[in-house]
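Listed below are the residues making up each chain.
2 protein chains.
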Amino acid sequence: MGMKIYGIPKSCATACIMTCLGEKVIEEYELVHVDLSKGEHKSATHLAKNPFGKVPVLEDGPLTLFESRAITGYLCRKYKSGTDLLRNDSVEEAAMVGVWLEVESQQFNAAIYPIMFEKLMKPFLGQTPDQSVIDEFLLKLGSVLDIYEARLSNSKYLACDSFTLADLHHLPYIHYFIKRTPYGDLITSRAHVKAWWEDISARPSFVKVAQQMDARPILN
Amino acid sequence: MGMKIYGIPKSCATACIMTCLGEKVIEEYELVHVDLSKGEHKSATHLAKNPFGKVPVLEDGPLTLFESRAITGYLCRKYKSGTDLLRNDSVEEAAMVGVWLEVESQQFNAAIYPIMFEKLMKPFLGQTPDQSVIDEFLLKLGSVLDIYEARLSNSKYLACDSFTLADLHHLPYIHYFIKRTPYGDLITSRAHVKAWWEDISARPSFVKVAQQMDARPILN
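Protein sequence lines correspond, in order, to chains A and B. Its first residue numbered 1, the first sequence is counted upward by one per residue in the UniProt record's numbering. Its first residue numbered 1, the second sequence is counted upward by one per residue in the UniProt record's numbering.
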């Protein structure tokens, strides 16, 4: 039984999984579209796969996995093909991949998600964005990116001098942030962050996924 | 050079590291107290270890690591002693440890943290708790715990039938939640969650850490 991903490419979390599969040169999988606008992610069928009612879900043989960061970790541990995204051959590099994966989750995502929710999701849901929330989290995101700028002036990528899963997890959100909000200069005004972004976003694995993220109808 | 942990046992994240070290039967480490009330976590010395200005930090030989979930993952990968907290001998169990580690981070912590911040940290900082925030997140936490109750009726622990790092990461926050807030019945009114809590909180590794979390002066 081949792998199945339940989700949509326009979901950042699903886009992470698809980019990871690209890096691991895994082409044999089926993307099963979950129509969020019809609430399919809250259906009994989907809740049986992920009780939290979210996408993506990965089915691989007898395993049903959810939480995108758990899924990419699983794929990287199981499949040795393609890019070595966890750097497990080096205790030091693997440790730093772990640190910067958590930085993405706890610091970067915590700052960028509320902005994206206000700017993209609220209009989609027919609600009005709250500019005070956006302004608050733009400040927080700027502080996080100041730390990234310092880090990337000493290290080609976040964890080490190789592209890893820690970099990969940033791709979909920054892509939308630059394309769909007026705040992209938070990325492009920082020289090392800009160079890092131009490098990682040009990887063929992501270029292919980004095309699907941008396909019409666009999210906003 | 022995390991050094920079933090305080009253910090939930530091308490996680100490509990993990207990499970791995690692006793050779130094706990270097960082006085948060004096802002030592924002000092240049500490910012050189963790640019985000938070505790804990782990120094192990040439490595300086931050983000508590990255630190416990590192300890479990590096040290084979004591409890097998990642279950890497089984692809299926290791995958489920990954899923439930992320559930703790993205669902459980996202719901319980704002309650703890309002109830414990705000009074400590001389601020007034916002009951509407508490009420909002109590509802979210209840929904998360409903899913835990269903999971724990089919599985002795969250990831599988063995105690893993996914369970461990819940210990400090639930300990404070029951001891220091009036909302502990969210845990104890759910039969399987209650039995799981009584089991995991009785582990010697945590009993020892909990004594330090509760030492006077208490946080609130």
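Any given hint might turn out to be false.
Stated by the list, open to error - Cβ-Cβ distance ranges computed for the label pairs, FRET-style: (1) B:E149 - A:P62: 22 to 32 angstroms; (2) B:I178 - A:R77: 41 to 51 angstroms; (3) A:R77 - B:S162: 45 to 55 angstroms; (4) B:D135 - A:S143: 26 to 36 angstroms; (5) A:E92 - B:G39: 27 to 37 angstroms; (6) B:P217 - A:E27: 56 to 66 angstroms.
No lab work stands behind these hints, which were simulated from the structure alone. Owing to the predicted nature of the structure, the values given are computational and were not obtained by experimental measurement. Here a beta-carbon is modelled for each residue, glycine too, at the ideal position from N, C-alpha and C.
A quick look at each hint next to the structure:
1. A beta carbon spacing of about 24 angstroms between E149 (chain B) and P62 (chain A) agrees with the range 22 to 32 angstroms that was offered as a hint.
2. In this structure the supplied range 41 to 51 angstroms is violated for I178 (chain B) paired with R77 (chain A), their Cβ-Cβ distance being about 35 angstroms.
3. In this structure, R77 (chain A) and S162 (chain B) break the distance hint of 45 to 55 angstroms, their C-beta atoms being roughly 18 angstroms apart.
4. The hinted window of 26 to 36 angstroms between D135 (chain B) and S143 (chain A) holds, with their beta carbons roughly 30 angstroms apart.
5. For E92 (chain A) paired with G39 (chain B), a C-beta distance near 30 angstroms keeps the hint of 27 to 37 angstroms intact.
6. In this structure, P217 (chain B) and E27 (chain A) meet the distance hint of 56 to 66 angstroms, their C-beta atoms being roughly 59 angstroms apart.
In summary, the structure is inconsistent with hints 2 and 3 from the numbered list given earlier, while agreeing with the others.
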